[in-house]
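Q: All chains, full assembly: derive it from the sequences and hints.
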Amino acid sequence: MSIGIFIIVSLIKTVLALFVLLTAVAYTVWLERKVVGHMQNRWGPTRVGPFGLLQPLADGVKFLFKEDLTPPHVYKPLYIAAPMIAVAFALTSIAVIPIGNWVTIGSLRIPLQITDVNIGLLIILGVTSLGVYGVALAGWSSNSKYSLLGGLRASAQMISYEVSLGLSLVGVLMLAGSFSLRDIVDAQAGTFWGFIPRWNIFYGGQFFAFFIYLMAAYAETNRIPFDLPEAETELVAGYHTEYSSMKFAMFFMAEYANMITVAAVASLLFLGGWHGPVFGPPLIRALLPVFWFVLRIFVFLFIYIWVRGTLPRFRYDQLMTFGWKFLLPLAIANLVITGLVVAIRS
Amino acid sequence: MVHLILFLVFGAVCVAGAVNLLAQRHPINSALSLVVVMGSLAVEYLLLGAEFVAAVQVIVYAGAVMVLFVFVIMLLNAGVEERTKGSRVALLFGVPGMLIGSVLIGWVLIERTGNPMVPAGALPGAPKVIGWLLFHDFLLPFEVTSILVLIAIMGAVVLASHPDTEQKEKEG
Chain A
1 MSIGIFIIVS LIKTVLALFV LLTAVAYTVW LERKVVGHMQ NRWGPTRVGP
51 FGLLQPLADG VKFLFKEDLT PPHVYKPLYI AAPMIAVAFA LTSIAVIPIG
101 NWVTIGSLRI PLQITDVNIG LLIILGVTSL GVYGVALAGW SSNSKYSLLG
151 GLRASAQMIS YEVSLGLSLV GVLMLAGSFS LRDIVDAQAG TFWGFIPRWN
201 IFYGGQFFAF FIYLMAAYAE TNRIPFDLPE AETELVAGYH TEYSSMKFAM
251 FFMAEYANMI TVAAVASLLF LGGWHGPVFG PPLIRALLPV FWFVLRIFVF
301 LFIYIWVRGT LPRFRYDQLM TFGWKFLLPL AIANLVITGL VVAIRS
Chain B
1 MVHLILFLVF GAVCVAGAVN LLAQRHPINS ALSLVVVMGS LAVEYLLLGA
51 EFVAAVQVIV YAGAVMVLFV FVIMLLNAGV EERTKGSRVA LLFGVPGMLI
101 GSVLIGWVLI ERTGNPMVPA GALPGAPKVI GWLLFHDFLL PFEVTSILVL
151 IAIMGAVVLA SHPDTEQKEK EG
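Read top to bottom, the protein sequences are chains A and B. If you're matching positions, the first sequence starts at 1 in the working numbering and goes up one per residue. If you're matching positions, the second sequence starts at 1 in the working numbering and goes up one per residue.
Hint data in this document are derived by calculation from the structure and do not stem from the laboratory. Keep in mind that a hint or two might mislead.
[To be verified] Computed footprint of chain A on chain B, listed as stretches where at least three residues anywhere in the stretch have a Cβ under 8 Å from a Cβ of chain A:
id	segment
1	64 to 71
2	139 to 147
[To be verified] Not the full set, but computed from the structure, chain A residues with beta-carbon under 8 Å of chain B:
id	residue
3	P45
4	L125
5	L149
6	G151
7	A156
All C-beta atoms, glycine included, are put in the ideal place defined by N, C-alpha and C.
A: Quick look at the structure:
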């Protein structure tokens, strides 16, 4: 592939991926309002469009036209930069996530992924670990006590749970022998005992790792029951108390984009990525893997919302005890056992 | 060619970040400049073909160590620093000494090692190679370092805890 075609193809893929991701973010918000509404015996949004389907559009227009207030007591450079940092890092990680196999157009063989690098998983971990700056700096630069408390809680929480999150993934890496997300998915192809898919959650014995990852990821994305950084009942809105208009919307977008990334990584690493039954004419054959992958992400997002509609918030000491004294030892035990199994097998 | 241009650009960003770190008067701005230095260093590693080291640089330094720095600055609410005139000794001996030292190191490296430049990707950079080196060739130094870190952590815990007050709380 010549460099010109490579640049054009990459640009098209980047624009498409961003468009799909941002639309998905908008409709995840709609899904959340609708599902939580029904769980609480309400209707959720119904007024704009059928089933309230145009509500995200209306929300977007509203965010754009609201007055953008900057309180006089903020530290301006960082106050403006913080939401941009948050949303930029949240959107960057999509670059290494594969959504399906290869597509052949003419003589071009294009992977359904913006870029396939051999350290894909490390890039996702690195980018998400930088995302905490957005939240921490927003809390600090707002110069308000609620924001500062929210920012402090967010950084402490995200550092604590990043350890368990990273360790829970090492088992999968040992089984696949690669950091490339595509290799990890390919290692999970096929079935064992005739019918059970060889996903890491079943075959590799990464059952516990999956739940450690899920819980740590909830904490990383500041979702209920780990949403102490923005606990409404104590901190008004936590780190984004002083933000309005599009700057607030950026934090919102970052949170939901992070949720989608977490769901994508969970399905790639533990649930076999895009593997599933493939049948029918060539076009459907090509699109079905993408459909299976999107379906898994949807299930994860639904569980996110389900948990939000069910569980109350942790107390702060419970949060820290759970992270350091329960999740971390469990993750290390899983690591040791997986290592032994891999060593015996080879 | 593209590699060389990017390498020079990010080298310049790295040095600019380091200078800004010293010039800024607010601790949080200095800390963020250090993040820029770490980030551009990671890009330099990446351009040299050491992608694993680059990723680890971002995850460990920019993502964990510097977040803790920022956290501590936020927690202590450190204010703007006072500007002093600086020490005369540093100006007289420090700056020339540093310049001579860096020139000497560069000269020795070029003269003694025989190959002035290494082409990108010629040295081991893949995760597999680094893993083999760490856990096979350099296993003992690696384990000794981990014990050293463990001792440091225990020392920090001992220094940070106040056994007297904890005892009093239990009694009272």
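Q: Next, verify each hint and record whether it holds.
A: Verification of the hints:
1. Given a C-beta distance limit of less than 8 Å, the hint that chain A covers the segment 64 to 71 of chain B holds, as 5 residues qualify and 3 suffice.
2. Counting residues of the segment 139 to 147 of chain B whose beta-carbon sits less than 8 Å from any beta-carbon of chain A gives 0, not enough to reach three: the coverage restraint is violated.
3. A cut of 8 Å between beta carbons decides the hint on P45 (chain A): the least distance to chain B is about 37 Å, and the hint is violated.
4. With a cut of 8 Å, the hint placing L125 (chain A) at the interface with chain B holds, because the nearest CB-to-CB distance is about 6 Å.
5. Contact between L149 (chain A) and chain B, as hinted, is not supported at the beta carbon level, the nearest pair being about 10 Å apart and thus beyond 8 Å.
6. With a cut of 8 Å, the hint placing G151 (chain A) at the interface with chain B holds, because the nearest CB-to-CB distance is about 6 Å.
7. Look at A156 (chain A): its Cβ gets to within about 7 Å of chain B, closer than 8 Å, so that hint holds up.
In the structure shown, a violation is registered for the earlier hints numbered 2, 3, 5, in ascending order.
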